[in-house]
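Q: Listed here are the chains, written in short residue letters.
There are 2 protein chains.
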Amino acid sequence: MTLSNLKNQYNDYIKLNGLKSSKRRDLIFENIVKKIGHFTTDDIYSDLLKTDPVIGIATVYRTIRLLVDSGILVEHTFGEKRGFFEINNQQAPEHGHLICLKCGHITEFYSKTIEKNVKFMQKQHNYKINSYKFEIFGICPKCQKSEK
Amino acid sequence: MTLSNLKNQYNDYIKLNGLKSSKRRDLIFENIVKKIGHFTTDDIYSDLLKTDPVIGIATVYRTIRLLVDSGILVEHTFGEKRGFFEINNQQAPEHGHLICLKCGHITEFYSKTIEKNVKFMQKQHNYKINSYKFEIFGICPKCQKSEK
DNA sequence: ATTAATTTTGATAATCACTATCATTATTAA
DNA sequence: TTAATAATGATAGTGATTATCAAAATTAAT
Numbered sequence: 000m001t002l003s004n005l006k007n008q009y010n011d012y013i014k015l016n017g018l019k020s021s022k023r024r025d026l027i028f029e030n031i032v033k034k035i036g037h038f039t040t041d042d043i044y045s046d047l048l049k050t051d052p053v054i055g056i057a058t059v060y061r062t063i064r065l066l067v068d069s070g071i072l073v074e075h076t077f078g079e080k081r082g083f084f085e086i087n088n089q090q091a092p093e094h095g096h097l098i099c100l101k102c103g104h105i106t107e108f109y110s111k112t113i114e115k116n117v118k119f120m121q122k123q124h125n126y127k128i129n130s131y132k133f134e135i136f137g138i139c140p141k142c143q144k145s146e147k
Numbered sequence: 000m001t002l003s004n005l006k007n008q009y010n011d012y013i014k015l016n017g018l019k020s021s022k023r024r025d026l027i028f029e030n031i032v033k034k035i036g037h038f039t040t041d042d043i044y045s046d047l048l049k050t051d052p053v054i055g056i057a058t059v060y061r062t063i064r065l066l067v068d069s070g071i072l073v074e075h076t077f078g079e080k081r082g083f084f085e086i087n088n089q090q091a092p093e094h095g096h097l098i099c100l101k102c103g104h105i106t107e108f109y110s111k112t113i114e115k116n117v118k119f120m121q122k123q124h125n126y127k128i129n130s131y132k133f134e135i136f137g138i139c140p141k142c143q144k145s146e147k
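Line order of the protein sequences matches chains A and B.
When you line the first sequence up against numbering that gives the first Met the number 0, it's residues 0 to 147, in that order.
When you line the second sequence up against numbering that gives the first Met the number 0, it's residues 0 to 147, in that order.
Honestly, the hints are just simulated from the structure, not real lab data.
Glycine is no exception: its CB is placed at the ideal position from the N, C-alpha and C atoms.
Heads up, some of the hints might be wrong.
Across the chosen pairs, the derived CB separations fall in these ranges [what the hints assert, rightly or not]:
hint: 1; chain 1: B; residue 1: Val53; chain 2: A; residue 2: Lys111; range: 52 to 58 Å
hint: 2; chain 1: B; residue 1: Gly55; chain 2: A; residue 2: Asn88; range: 44 to 50 Å
hint: 3; chain 1: B; residue 1: Phe119; chain 2: A; residue 2: Asp51; range: 53 to 59 Å
hint: 4; chain 1: A; residue 1: Asn88; chain 2: B; residue 2: Ile128; range: 22 to 28 Å
Cut-off 27 Å, straight-line C-alpha distance, at most; resulting in silico cross-link-like pairs (BS3-like, lysine-lysine) [claimed, not checked]:
hint: 5; chain 1: A; residue 1: Lys122; chain 2: B; residue 2: Lys141
hint: 6; chain 1: A; residue 1: Lys141; chain 2: B; residue 2: Lys127
hint: 7; chain 1: B; residue 1: Lys118; chain 2: B; residue 2: Lys101
With the hints as constraints, model all of the structure from the sequences given.
A: What follows is the structure, given as C-alpha cells:
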C-alpha cells in the first residue's frame with residue numbers, strides 16, 4: 000500500500016460519505032500515515048499538539064474512528080482494554096503479533112499456515128470470515144536477558 | 000480439569016498468599032465453576048444477586064481478578080474493551096475462538112496446526128511464550144441465514 | 001471463649017478510555 | 001453571498017473497572 004493509495008482511499012471515503020474536507024483531519028491523516036508500527040489515540044494527540052496546540056482530543060478520536068471505518072487503519076486491543084492502531088496494509092498478507100508482557104514491545108509475524116487454518120475453520124464452521132487476530136504473549140529476548 | 004482440582008487450586012492459592020477464606024468468595028467460586036463457556040463480571044453479579052441480594056459488585060470484580068491471578072480463569076477481550084472470562088482448562092489444549100460480529104456468539108475450536116505454529120514462532124523470535132489468543136471474526140451460520 | 005491482628009466486604013468515589021452533546025466555526029454548493 | 005451542512009473544541013456523560021475506607025468477618029494466639 001503506497002502513500003498515494005492511502006490518500007486516495009481517504010479522499011474517496013470522504014467523498015462517498017458526503018463529508019467535507021478539513022484541515023485538522025488532513026493533519027491527522029498525514030501524521031498517521033507516517034507512523035511505523037502501532038500507536039494509540041494519545042500518541043497521535045500529543046504529536047499533533049506540538050504543531051497545533053488548539054486541537055481537541057475528540058477530533059483525534061473522531062478521525063481515527065473514520066480511518067478505521069474507511070479501512071485505512073486496523074484496531075487491536077492486545078489483551079488490554081484500549082485501542083492500538085496500525086496502517087491496514089491490504090497488499091501484504093494479514094499478520095500476527097508477538098507481544099512482550101514486560102516491555103510491551105510488539106513484533107509482527109507472517110504465516111501462511113495461519114492463513115490456511117483460518118480458511119479451514121471458515122469451511123468447518125460455516126462462518127463468513129471478516130478478519131482474524133493472532134496474538135502471542137510472552138517475554139521478548141531483550142527482557143529475558145535483563146531478567147537474569 | 001475436574002471440579003476438585005479447581006477447588007484445590009483455589010484453596011492452595013488462598014493459603015499460599017496468606018488470604019483468609021470467606022463465604023462470599025466461596026459462593027462466587029462455586030458459581031463460576033458451574034458456568035459453561037464465556038461470561039462477564041456482570042453475568043456473575045446478577046446470578047449471585049438472586050440468592051444474595053446484599054453482595055457488592057466490587058467483591059465480584061475482586062474475586063474474578065483473584066481467580067485469574069490464580070490461573071483458574073482466563074480473560075479475553077474478543078475485540079471489545081471489557082473482560083470475558085472462562086475456566087482455564089489446563090488439561091485440554093489451548094483453543095481459538097470464532098466470534099460472530101452480529102450476535103456475539105462464540106465457538107471454540109482446537110487446532111494442532113496453531114499449536115505448532117506458536118512453537119515455531121517461539122523459536123524463530125526467541126520468545127519465552129506465556130499464552131496466545133487466536134480470534135476469528137465473522138458471521139455465524141445462523142446470522143448468515145437471517146441476513147437474507 | 002476473648003482478644004488482637006489482619007483480611008474481606010459493600011458502598012461509593014475515582015479513573016480510564018472513549019462517545020455524545022452542543023454552540024461556534026469552517027466548508028461547500030448554489 | 002448566502003444557505004445548508006459538516007467539523008471542531010470543550011466538556012459532560014458513559015461503561016467498565018479499580019481505589020478508598022469504615023465496618024464486619026476471619027484467624028491465630030492467648
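Q: Taking the hints in turn, state whether each one holds.
A: Structure-based check of each hint:
The supplied range of 52 to 58 Å is met by Val53(B) and Lys111(A), whose beta-carbon atoms lie about 56 Å from each other. Checked against the given bound of 44 to 50 Å, the beta carbons of Gly55(B) and Asn88(A), roughly 47 Å apart, stay inside it. One distance hint, 53 to 59 Å for the beta-carbon pair Phe119(B) and Asp51(A), is violated here, with the actual separation near 45 Å. For Asn88(A) and Ile128(B), the hinted distance range of 22 to 28 Å is satisfied, since their beta carbons lie about 25 Å from each other.
Distance hint between Lys122(A) and Lys141(B) is fulfilled; the C-alpha atoms sit about 15 Å from each other, no more than 27 Å. For the suggested pair Lys141(A) and Lys127(B), the alpha carbons sit about 11 Å apart, so the restraint of at most 27 Å is met. In summary, the hint linking Lys118(B) to Lys101(B) is not supported, as the alpha carbons are separated by about 33 Å, beyond the 27 Å threshold.
Checked against the numbered hints given earlier, the structure breaks hints 3, 7 and satisfies all the rest.
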